[in-house]
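Novice: Residue numbers for the sequence shown follow my numbering, so the first one is 1 and each next one is one higher.
The hints are all genuine.
Calculated cross-link-like contacts (lysine-lysine; reagent style DSS-like; alpha-carbon spacing at most 25 Å):
no.: 1; residue 1: K606; residue 2: K688
no.: 2; residue 1: K551; residue 2: K617
no.: 3; residue 1: K684; residue 2: K608
no.: 4; residue 1: K684; residue 2: K654
no.: 5; residue 1: K615; residue 2: K688
no.: 6; residue 1: K668; residue 2: K620
no.: 7; residue 1: K583; residue 2: K606
no.: 8; residue 1: K429; residue 2: K416
no.: 9; residue 1: K551; residue 2: K583
no.: 10; residue 1: K168; residue 2: K390
no.: 11; residue 1: K660; residue 2: K620
no.: 12; residue 1: K688; residue 2: K617
no.: 13; residue 1: K549; residue 2: K572
no.: 14; residue 1: K628; residue 2: K617
no.: 15; residue 1: K504; residue 2: K416
no.: 16; residue 1: K567; residue 2: K602
no.: 17; residue 1: K688; residue 2: K586
no.: 18; residue 1: K567; residue 2: K586
no.: 19; residue 1: K586; residue 2: K572
no.: 20; residue 1: K504; residue 2: K422
no.: 21; residue 1: K583; residue 2: K633
no.: 22; residue 1: K416; residue 2: K498
no.: 23; residue 1: K615; residue 2: K583
no.: 24; residue 1: K615; residue 2: K628
Quick list of simulated restraints, FRET-style, between CB atoms:
no.: 25; residue 1: Y99; residue 2: E441; range: 18 to 28 Å
no.: 26; residue 1: E215; residue 2: V433; range: 38 to 48 Å
no.: 27; residue 1: Y99; residue 2: K602; range: 52 to 62 Å
no.: 28; residue 1: G686; residue 2: K633; range: 22 to 32 Å
no.: 29; residue 1: T647; residue 2: E441; range: 42 to 52 Å
no.: 30; residue 1: G174; residue 2: E215; range: 18 to 28 Å
no.: 31; residue 1: S419; residue 2: G686; range: 46 to 56 Å
no.: 32; residue 1: T103; residue 2: T427; range: 35 to 45 Å
no.: 33; residue 1: N163; residue 2: N570; range: 45 to 55 Å
no.: 34; residue 1: T206; residue 2: S324; range: 20 to 30 Å
Hints were generated in silico from the structure; no laboratory data involved.
Note that CB positions come from ideal geometry on N, CA and C, so glycine has one too.
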Amino acid sequence: MYLNQMTRNTQELRLSRLLSRKSKRDFKRIGETTFMKKAKYTLVKWLITLALVLTASVTQDSFKLSAYAKTENGYTTSDNWITPGEIIDNYKEPDVAMYGAATDAVYDARKAGMVTSVKNQGNYATCWAFSLVSVMETNLIKNGLATPAIDLSENGVAYFFYNRQIDKLGYTAGDYNTVTGCSYLNAAGTLQGTCLELATGMGVLTEAQSPYLTEPSPDLCYAGDYVVKDVYMYNYNQTQLDASVAKIKQAITDHGSVACGIYYSPLYLNSKTGAYYFPKSAANHAVTVVGWDDNYSASNFVTNPGRNGAWIVKNSYGTSNGKSGYIYISYSDKSLAEFVSLEMTTRTAMYNNYYQHDGTGFCGKGYRSAEWYANVFKAKGAGEFNEELKAFGICVMETGLNYEVQVYTGLTSPSKPTSGTKAFATTVKGSFVDAGFHIVEFPEPVSLTAGENFAVLVKLTNSVGGLGTILVDTTYVQNPTSSSVSQGRVAYISSTGKNQTFIKVSGKWYDMATALKANARIKAYTNVTADKSNFHLSTNNLSVSKGAKSKISLLAAPYVHRKVTWKSKNTKIASVNTKGEVKGKKFGATVITGTFVAGAKKKTIKCKLTVGPAKIKGFKVAVSNKVKVSWKKCSTAAGYEVYYGYTPDGKFAKLATINKQSKTSCSKALPSGVYYIKMRPFRKSGKKKLYGSYTGIKEVIVP
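Let the sequences and hints guide you as you build the complete structure.
Specialist: Right under this line is the structure:
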């Protein structure tokens, strides 16, 4: 069931804080026929902050929805259809490459054993789920991942589209699709939007897991054994019909079958031949195209379409409809629209973690004014273990786009997507033939340390060097005055936030949540590694003299910048600032803690600290028969300790303890070699020693 009166969005973009009177940006509404007109910019003196504000609750008086199904001569359809997102087609007829079975005059996937049995949606508006499930089943069979006996759940697809659960990493919390006034079984559907929802990692269940007309358990949302990997979206243009037919033939050849929208009425069906032709541009039903016949006679149709040729179409009205559940739709049928196809894979073959900010199924808004797009994430998919960034995904609404991708790791600030380290010496480049959602694997994985911020940057250009169109996720709410709740009302709620998506316009970065209340549909995919990040402080025991300063640092292996919150347990004894710089204030002992995020958890590391006597002055080291260490008396000390080591950065052992304040030298015999000497004073507090700061390190050679 579709919504068919989603015409151009009548809302106005509120524009403020603009870069220039002359600058223009194309905020594109992917609508019924064309994008929204270019938004006009005005000069607001020398303010340089971009804020294209897209209303969080989009309203549209012309968007009238009757979410109840319509029954016509026993077949459940709908008067309404959600018009798909507009695809900018940069290919013309000579550009469409055909190969394999696509060059044949007749092709039928049933004869190859790749089509499952005909199903019956009953008196419910779930055609969109039935058509897509058939596409998924055929693709799995084609790729050797299932047998023709596979039976996936249309009910699960329909239910979880309107009852989606938060993804494992929690990045899509607050994103959902909802309908009021009817159940999910009679709610309007969208082929493109459902594919986008499935691409969030939602599992595809079997019929046994989610039987038709029963509500599945919410914990099954991501439990299916099969997942959508890539989504392909196609135009069907009657003015370029040969190119459109060629493109759909190739899609069926490549992926097994395609789903599409039509307007279905039995009045236009030849019950004897199963031929169907509708002469107007409208849609109310979804079906699955499994083949074609270029020679199918135009005389088979109730109304002659003017040319031979038909699509072989699997319907969801049971085997009594058409020819054993199949109909032949003319290539020239004016209602054909919203063609989509899918590439499936198994859950185990897919990446471990999905990083994403786009959780709704709204496919009605695109943007193409940015030189670069960036989505920022925090690595938290493996607890304290590290991950490998393997691939990125993106939804584009143009054919023939070129892309460039760069990844920045270890961001010093999540508000600055390029504040980290480049993962690739040069950008990763490639191109997309078709519109849709595409996953691209990086030439080599990018290591991510648990808890670090990273950014995936994408640049899109078309074949003539212009900027390409990306699909964005934003809130769309049906105007409450356009229909009563009893008629059903659809809403897509996108929970956008700061430091999620950034756009680069005229060489400067802007937060998309502030500028557009939207998120770019860019995802990142990681696998969990067996490596665990090692976090420790530069020292676990620190001694500092009263009035002196020292510094504590957080060390991580592998290294990544992360914010640490430092705290002193007793600020009267010692203070610590945001940089980890410690100052001794009063004789005594305390603890300095450093708190930071590791994966999805907070972690705290402690350093024991003593504030002791003033730092020793006049520290000297000499060699005669023995190593002689001398210093000036410290009036606040009770004694001194001398240490030696074999490297200046290695471990030190105690060489001597002097328990008299007045003593200012000591001598010790050491074997031949190179040594490094340092010392520190102490005073006593009961049985404990309160150490002061170390001296510098002296090198000495014993012959």
